[in-house]
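Undergrad: Dock chain B against the given chain A, drawing on the hints supplied.
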Amino acid sequence: MKLKHVAGSLLIGALSLGVAHADIKIGVVSSSTGPIAMVGIPQKNTVPLMPTKAGGQTIRYIPLDDGSDPTASVVAVKKLISEEKVDAIIGPSGSPNAMGVIQFVAEAGVPLLAPVGTAAVVLPMNDQKKWVFKTTQNDSLIATALLDHMAKTGIKTLGFIGTADPYGENWGKVVADGAAKKGIKIVADERFQRQDTSVTAQALKVMAARPDAVLIAAPGTPAVLPQLALVDRGYKGKFYQTHGAALPDFLKLGGKKVEGTILAASLMLVLDQVPDTHPSKKIAKNYVATYEKAYGAAPATFGGNMFDAGLLLERAIPTALAKGKPGTPEFRSALRDALEQTHEMPATQGVYNMTPADHSGFDERGRELITVTNGTWTLLK
Amino acid sequence: MDVQIALMLAQDGLTNGAIYALLALALVLVFAVTRVIFIPQGEFVAYGALTLAMMQAGTVPATVWLLAGMGATAALIDGGLALRAGQTRRLVGVLGWNLGYPLGLAALLAALPVKDMPLAAQVLLSLAVVVPMGPLMYRLVFQPIAAAPILILLIVSVAVHVAMVGLGLLFFGAEGQRTPAFSDANLELGPLMVSGQTIWVVMSSVVLIVALYQFFERTLYGKALRATAINRAGARLMGISPSLAGKLTFFLAALIGALSGVLIAPITTIYYDTGFLIGLKGFVAAIIGGLASYPLAAVGAVLVGLLESFSSFWASAFKEVIVFTLIIPVLLWRSLTSRHVEEEE
Chain A
1 MKLKHVAGSL LIGALSLGVA HADIKIGVVS SSTGPIAMVG IPQKNTVPLM
51 PTKAGGQTIR YIPLDDGSDP TASVVAVKKL ISEEKVDAII GPSGSPNAMG
101 VIQFVAEAGV PLLAPVGTAA VVLPMNDQKK WVFKTTQNDS LIATALLDHM
151 AKTGIKTLGF IGTADPYGEN WGKVVADGAA KKGIKIVADE RFQRQDTSVT
201 AQALKVMAAR PDAVLIAAPG TPAVLPQLAL VDRGYKGKFY QTHGAALPDF
251 LKLGGKKVEG TILAASLMLV LDQVPDTHPS KKIAKNYVAT YEKAYGAAPA
301 TFGGNMFDAG LLLERAIPTA LAKGKPGTPE FRSALRDALE QTHEMPATQG
351 VYNMTPADHS GFDERGRELI TVTNGTWTLL K
Chain B
1 MDVQIALMLA QDGLTNGAIY ALLALALVLV FAVTRVIFIP QGEFVAYGAL
51 TLAMMQAGTV PATVWLLAGM GATAALIDGG LALRAGQTRR LVGVLGWNLG
101 YPLGLAALLA ALPVKDMPLA AQVLLSLAVV VPMGPLMYRL VFQPIAAAPI
151 LILLIVSVAV HVAMVGLGLL FFGAEGQRTP AFSDANLELG PLMVSGQTIW
201 VVMSSVVLIV ALYQFFERTL YGKALRATAI NRAGARLMGI SPSLAGKLTF
251 FLAALIGALS GVLIAPITTI YYDTGFLIGL KGFVAAIIGG LASYPLAAVG
301 AVLVGLLESF SSFWASAFKE VIVFTLIIPV LLWRSLTSRH VEEEE
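Those protein sequence lines, which keep their order, are chains A and B.
Numbering-wise, the working numbering puts 354 at position 354 of the first sequence, and it's gapless, one number per residue.
Numbering-wise, the working numbering puts 234 at position 234 of the second sequence, and it's gapless, one number per residue.
Just to be clear, a hint being listed does not mean it is correct.
[Claimed, not checked] Listed next, the in silico DSBU-like pairs over lysine-lysine satisfying Cα-Cα at most 30 Å (straight line):
hint, chain 1, residue 1, chain 2, residue 2
1, A, 252, B, 115
2, A, 256, B, 115
3, A, 323, A, 293
4, A, 79, A, 323
5, A, 85, A, 325
6, A, 257, B, 115
7, A, 152, A, 129
8, A, 252, A, 381
9, A, 293, B, 115
10, A, 281, A, 293
11, A, 236, A, 381
12, A, 25, A, 257
Calculated directly from the structure, the hints in this document are not laboratory data.
So here's chain A without its partners, still in its complex pose (with noise of 0.2 Å):
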């Protein structure tokens, strides 16, 4: 009977011990699959290529895909809580994806880095956001940037098109409030389908409205299609598009059509044309360069935001460990806490500067103004 009793603690010795030697478990729900897949496929691929060693400790990724289904991240990331017993969770790549997951990561004490556009999921903060952090830019952010340039150009009306979704309903909001405050006026607001065959009739709208300019907010390739119909009905105005636009394929759908066209986005698009002086530049080129050695091709924006999550829970593990075990409530929590005061960390898409009041934390370093010359990205100045 007692030598069973020892035997028996001295087994849960062993198995604490085992726990305390335990990796650090990351989740991450992307959606490869699905109609969100050109968001989650590079993201995906960035997972190998994240950090695996912070504070002396091995990082371990587990990843799972949600197929773009809302309610399958909900089930993904309820299984890397209680199944996996992760310290974080990295994702999930959709918007409304992400505004589903919050609830059960704040129950949990889990913290989510989420690599989303819509700035809901930290805005306005409350005590289940706490436990959130986005590592984009927000869209009030990219959108000022593009209005001051409208208002400096002398642009005094504005036509929107944006896609029926989060992404082009939120672009569709902020763009109001700030048009406004720059004497801006929205003479057009259109919606499409990121599947239409034909946005003929809301460009013939757009046109009758007479713009001097028209901004596309689409996330991805389909922001193409409402430009290239604008242009093909002699529409000869300015065209502004937004950070969702930023990727390789843009340029190689649009052809000549998309000359001129002006956006902001992280400096990852022009990289050789940033000073080196940007903080950024560096981490970015080395990210870009793995990916490209890996995969055979540059990667899309989004992929840099899941790798900026990677590099912020490198930079606030070892303080959490200082805290509390990898596994325990006591490290997720201190996990938050360290994520909460990341002061000046240079990532690919800008500089953190998170504060209890912004999880997102980017300033003007998070965005630059490009332009499209002779089939280029060029970075305006």
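TA: Chain B in isolation, oriented as in the chain A frame:
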């Protein structure tokens, strides 16, 4: 809204309507002959367009390997059957079509400078890759359950659709593609600028519809298909093989789908999953025709195209809602005017 805008919208609606009409015809045909509600019809649109885009990018399209895989499986099944029956001559035919053709095509694609060939040749090659998947799909998936109730056929059809979309993502990637236009000519009709591609789409649809009509009226195979559609058991008694009718139907459906894809790829960006939505709108049109009438389905398709175009103009955020809501009054009207016939035995 002035007359010019209305005309442009009408032109846009007609162009899309022409494509929906083709797909609606294929859906009606497949349903009439095999009782399959052919959800994967749209996938052939995407496969056709993206196979062409891959050729133009200078790579051997991955779809040819799918074709080879399907062929190998069919060869295994049919070859085994022929071997057991001791029909060596049939065995040669089975192996030649199911194994020799895809592999020969793959070799051809790898050897030829496909990227620099004229557009017409590229289009023919992509059709040669995608279209045989139709009959092979029938042989592998639907022929073994040809006698199953409509509901089971529908469920299997959904499964095939999901599988094809998944494979499409694997083959073509998540980003969209475009192909160059067949002709850069622009035609001025009064206040309207009509692009060459638009004319191509509308003309091809008309030609294809006329050709299908001739096929069903004038040729033996066409008449056999019509006979099967009217009465399966009766046609079988007259010596028309149901599996041949099925394969022929799926061949036509795949041809129509892939051709539609090739036609619209220069007008819009095609994604691996674009086909579903296009197919669904063809389906709405086919429903207007009661899944039985070709002319009504074609009229319905033009209606869907026009409705889509005008509703995008007035309320772009609600476009899909408006188009798909159309199905409710149509179903109401049909259930009130037509006598209900129980098909399931």
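Undergrad: Against the structure, test the hints numbered earlier, and report the numbers of the ones violated in rising order.
TA: 3, 7 and 12
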